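K.L.:
Sequence:
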Amino acid sequence: SRKELFNLNCRLINFIHNLKERCGLDTKVCVDLMDRCGQVMNLWEKEHSVERAASLLTERNTYVLLSVCNCDDPEGRKYASLVNNLSTTHPELTDILNRMSNPSKDRDKRAGSLRKKDMSAA
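Note that the working numbering has the sequence shown beginning at 2, numbered continuously upward.
Derived by calculation from the structure, the hints in this document are not laboratory data. Note that this is a predicted model, so its numbers are computed, not measured. Some clues are possibly wrong.
List of simulated lysine to aspartate or glutamate pairs, EDC-like, C-alpha gap at most 16 Å [what the hints assert, rightly or not]:
no.: 1; residue 1: LYS4; residue 2: GLU46
no.: 2; residue 1: LYS4; residue 2: GLU60
no.: 3; residue 1: LYS79; residue 2: GLU52
no.: 4; residue 1: LYS79; residue 2: ASP96
no.: 5; residue 1: LYS29; residue 2: GLU60
Okay, the calculated beta carbon distance ranges per label pair [what the hints assert, rightly or not]:
no.: 6; residue 1: ASN10; residue 2: CYS38; range: 19 to 27 Å
no.: 7; residue 1: ARG61; residue 2: ARG23; range: 30 to 38 Å
no.: 8; residue 1: ILE14; residue 2: SER68; range: 16 to 24 Å
no.: 9; residue 1: ASN86; residue 2: GLU52; range: 16 to 24 Å
no.: 10; residue 1: THR95; residue 2: ASN15; range: 17 to 25 Å
no.: 11; residue 1: PRO92; residue 2: GLU52; range: 18 to 26 Å
no.: 12; residue 1: SER88; residue 2: ASN10; range: 28 to 36 Å
no.: 13; residue 1: VAL30; residue 2: VAL51; range: 18 to 26 Å
no.: 14; residue 1: ASN86; residue 2: SER50; range: 26 to 34 Å
no.: 15; residue 1: VAL51; residue 2: ASN86; range: 31 to 39 Å
no.: 16; residue 1: PRO92; residue 2: ASN10; range: 18 to 26 Å
A virtual CB, placed ideally from N, CA and C, is assigned to each residue, including glycine.
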């Protein structure tokens, strides 16, 4: 759960490569960043972009490093924190991350509660 400073005045392709290198990740791993509000930056979509990292990320902001599984499948996309003890350091983000990685469970809960309301109204 360490903090790193990164130069945002570089191309996204270089930023993402440097991010993976400094965090000891394989270059083939699909990564993303989440800000403190739970907003995912969708870096995996721009992994080969020559846009500046500052066009997507905000200076002096704190982000949580995520791994992304099934990048190409929006329905099956799963996010996992690469930060140790996320539930301790950022408990509010743990719930958001769980909901993002299990959208069908969230939909099922809402549908179940709607069905219960319908049954109680009958």
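K.L.:
Hints first: check each against the structure and report whether it holds.
P.N.:
Structure-based check of each hint:
| no. | hint | result |
| --- | --- | --- |
| 1 | LYS4 x GLU46 | violated (24 Å) |
| 2 | LYS4 x GLU60 | holds (14 Å) |
| 3 | LYS79 x GLU52 | violated (26 Å) |
| 4 | LYS79 x ASP96 | holds (14 Å) |
| 5 | LYS29 x GLU60 | violated (26 Å) |
| 6 | ASN10 x CYS38: 19 to 27 Å | holds (23 Å) |
| 7 | ARG61 x ARG23: 30 to 38 Å | violated (18 Å) |
| 8 | ILE14 x SER68: 16 to 24 Å | holds (19 Å) |
| 9 | ASN86 x GLU52: 16 to 24 Å | violated (33 Å) |
| 10 | THR95 x ASN15: 17 to 25 Å | violated (31 Å) |
| 11 | PRO92 x GLU52: 18 to 26 Å | violated (33 Å) |
| 12 | SER88 x ASN10: 28 to 36 Å | holds (33 Å) |
| 13 | VAL30 x VAL51: 18 to 26 Å | holds (21 Å) |
| 14 | ASN86 x SER50: 26 to 34 Å | holds (31 Å) |
| 15 | VAL51 x ASN86: 31 to 39 Å | holds (35 Å) |
| 16 | PRO92 x ASN10: 18 to 26 Å | violated (33 Å) |
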